[in-house]
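**Q** In case you want the letters, here they are:
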Amino acid sequence: MIQVNSKKTPFTFDSIEPESGLRAALGMSRADIIGEVSACALRGRGGAGFPTGTKWNLAAAARVKPGGAKYVVCNADEGEPGTFKDRVLLAEHADMVFEGMTIGARAIGAPHGILYLRSEYVYLRPHLESVLARRRSENLLGKDIGGVAGFTFDIHIHMGAGAYVCGEETALIESLEGYRGEPRNRPPFPVDTGFQGQPTVVNNVETFAWVVCILSRSASWFKAIGTKTSTGYKLLSVSGDCREPGVYEVPLGISVAELLAKVGGEGAKAVQIGGASGHCVPASEFGRKIAFEDASTGGSIIVFGPGRDMLAVARNFMEFFVEESCGQCTPCRAGNTKLLEGVEMLERGECSMSYLQELLALGETMQLASKCGLGQSSPNAFVSIVKHFKDEIMGRTLAN
Amino acid sequence: MLVGQQQRLQEDIREIVAQHGHDRSALIPVLQELQKRHTTVSDFAMQVVADELGIHPAEVYGVTSFYAFLRQPTKGRFVFRLCRTISCELGGKSRVARQLENDLGIAFGETTGDGRFGLEWASCLGMCDQGPALLVNDRVYTRVTPEQVHQIIDECKSTFGAHARQAAHS
Ligand SMILES: Cc1cc2nc3c(=O)[nH]c(=O)nc-3n(C[C@H](O)[C@H](O)[C@H](O)COP(=O)(O)O)c2cc1C
Ligand code: SF4
Numbered sequence: 024m025i026q027v028n029s030k031k032t033p034f035t036f037d038s039i040e041p042e043s044g045l046r047a048a049l050g051m052s053r054a055d056i057i058g059e060v061s062a063c064a065l066r067g068r069g070g071a072g073f074p075t076g077t078k079w080n081l082a083a084a085a086r087v088k089p090g091g092a093k094y095v096v097c098n099a100d101e102g103e104p105g106t107f108k109d110r111v112l113l114a115e116h117a118d119m120v121f122e123g124m125t126i127g128a129r130a131i132g133a134p135h136g137i138l139y140l141r142s143e144y145v146y147l148r149p150h151l152e153s154v155l156a157r158r159r160s161e162n163l164l165g166k167d168i169g170g171v172a173g174f175t176f177d178i179h180i181h182m183g184a185g186a187y188v189c190g191e192e193t194a195l196i197e198s199l200e201g202y203r204g205e206p207r208n209r210p211p212f213p214v215d216t217g218f219q220g221q222p223t224v225v226n227n228v229e230t231f232a233w234v235v236c237i238l239s240r241s242a243s244w245f246k247a248i249g250t251k252t253s254t255g256y257k258l259l260s261v262s263g264d265c266r267e268p269g270v271y272e273v274p275l276g277i278s279v280a281e282l283l284a285k286v287g288g289e290g291a292k293a294v295q296i297g298g299a300s301g302h303c304v305p306a307s308e309f310g311r312k313i314a315f316e317d318a319s320t321g322g323s324i325i326v327f328g329p330g331r332d333m334l335a336v337a338r339n340f341m342e343f344f345v346e347e348s349c350g351q352c353t354p355c356r357a358g359n360t361k362l363l364e365g366v367e368m369l370e371r372g373e374c375s376m377s378y379l380q381e382l383l384a385l386g387e388t389m390q391l392a393s394k395c396g397l398g399q400s401s402p403n404a405f406v407s408i409v410k411h412f413k414d415e416i417m418g419r420t421l422a423n
Numbered sequence: 003m004l005v006g007q008q009q010r011l012q013e014d015i016r017e018i019v020a021q022h023g024h025d026r027s028a029l030i031p032v033l034q035e036l037q038k039r040h041t042t043v044s045d046f047a048m049q050v051v052a053d054e055l056g057i058h059p060a061e062v063y064g065v066t067s068f069y070a071f072l073r074q075p076t077k078g079r080f081v082f083r084l085c086r087t088i089s090c091e092l093g094g095k096s097r098v099a100r101q102l103e104n105d106l107g108i109a110f111g112e113t114t115g116d117g118r119f120g121l122e123w124a125s126c127l128g129m130c131d132q133g134p135a136l137l138v139n140d141r142v143y144t145r146v147t148p149e150q151v152h153q154i155i156d157e158c159k160s161t162f163g164a165h166a167r168q169a170a171h172s
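Listed in order, the protein sequences are those of chains A and B.
Just so you know, the numbering used here puts the end of the first sequence at 423, numbered straight through with nothing missing.
Just so you know, the numbering used here puts the end of the second sequence at 172, numbered straight through with nothing missing.
No wet-lab data here; the hints were simulated from the structure.
Quantities reported herein were computed from a predicted structural model and do not represent experimental measurements.
Glycine residues also receive a C-beta, built at the ideal position from the N, C-alpha and C atoms.
Just so you know, not all the hints are guaranteed correct.
Unchecked claim - With the Cβ distance kept under 10 Å, some of the chain B side facing chain A (calculated, not the full set):
id, residue
1, Ile18
2, Ala28
3, Pro31
4, Val32
5, Arg73
6, Gln74
7, Glu91
8, Gly94
9, Trp123
10, Ala124
11, Ser125
12, Gly128
Construct the complete structure from the given sequences, taking the supplied hints into account.
**A** Here it is, written out as structure tokens:
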């Protein structure tokens, strides 16, 4: 049965006193809270790495449309292949995630919070509801939170229904509003026109948990960890061919080789960094750093051992995107199907070098012309596998 | 469908909508609850939901068909969803898939004749460190081996008695 504990290292979250972040926030002005989150240079942990302080500042400054209010949304859609750290956080540190949302609500002035939970994690819901109920009874949610007159905030859970694209923040908002999860054109951005047209902050589960640590300790503590442009620790979900798969807390900037040594994946042939939408890094590049400025990831690390067929890997990723494209725009809808057909031609040993070049050019078009991050990143895995493993994938005979 | 059945379904939907509210944002939660109670969202049910929320039935169909967990092609009381994403593939999902087909006697995308079991693929279930992963309704099984498949099916059968509805959704 379910083994929730995938933790392979201690987490900073274990050593933070419960509610110490919220307590600190309640003694600060809204501008000061956002100032701390900006000063530590925290970047979103959901993949895109947008500076959290900047996002909160925009939402705090945005004007509410008549009759409504602002929203804080926690993105627990976690659909990227190979990512499961948010599941572990929700199972083991739910209080801290809700505490972080409450700090966000205080910072931007939002009375409503929503946890968008993927339907694949529905079994976590009873636990999460009970944590919310307890927080209400402890006056950590509801009216006059922590005795601060006029600070009202509550959180409810909204279930997803099985669509990877709904992790994209504007698709998520469409889904919350009861529509097909089709990404919107941006601008306007959710910080200005989000759920029900109101200013909305959407952050990843892990991002909210770090906010708590930052307010509990300090911005300078966080900033001292990691690299200059990728500060702090990051949770990595490690799976594939290694002895100890699971969730690891590491400082950003760690090299792929260092990580492999930790997880028992020495001797790997390649590592997929960032999930299906990320890049395949071959052994010759294991000196690269896991950071926003180099090999960037929302947390997914998949290790491929020496015996793996990289074309089979590319096929699995392309099948994923063909299935999960929302179909709204042509580069993504048609492009992913074309790339999958290309993989099939390679499998049969029927793809000429010039056609392969055409497929790579198509990949570039998709990266440029697709409407949302799904289509823009869907060729990455195919392109990087072709680039690094031509030897292995060209001129196949059906026997291999 | 018999008139009596239709009427009961209609009443059920009204009750669900009353709980979730008549706002458009209630549409997906309403459909999810409906599916939970009736294993599927029929054309008739979509019509009633549309009437209750004051939107066109085509809108309800559009939403239902968009989401994998709502448009599910199968109708079993127990829906088996095997993760087909990369880490579970590396972990050996193909043999589990074959054994599921053998022991259930159906292919992916099908429902058993007695309406008990449906078999489907799922995208990443977020159990990548413990694959192959299998979701059966709300329950997740990890590190599934081909020989365990039979036992999982038996577990479902043993809960499919007097308390079937409750057990199926717990
Ligand atoms: C196709 C697609 C799927 C995404 N899935 C997720 C997800 O599951 N969880 C998440 O936090 N962000 C996801 N994102 C990123 C969100 O759009 C958004 O940037 C993020 O939730 C912002 O939070 P952060 O700044 O705290 O990372 C996805 C983006 C795209 C394009
Ligand atoms: S890029 Fe793909 S997922 Fe994004 S809007 Fe276009 S079709 Fe939909």
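**Q** Could you tell me which of the hints above the structure violates, numbers in ascending order?
**A** 1 and 8
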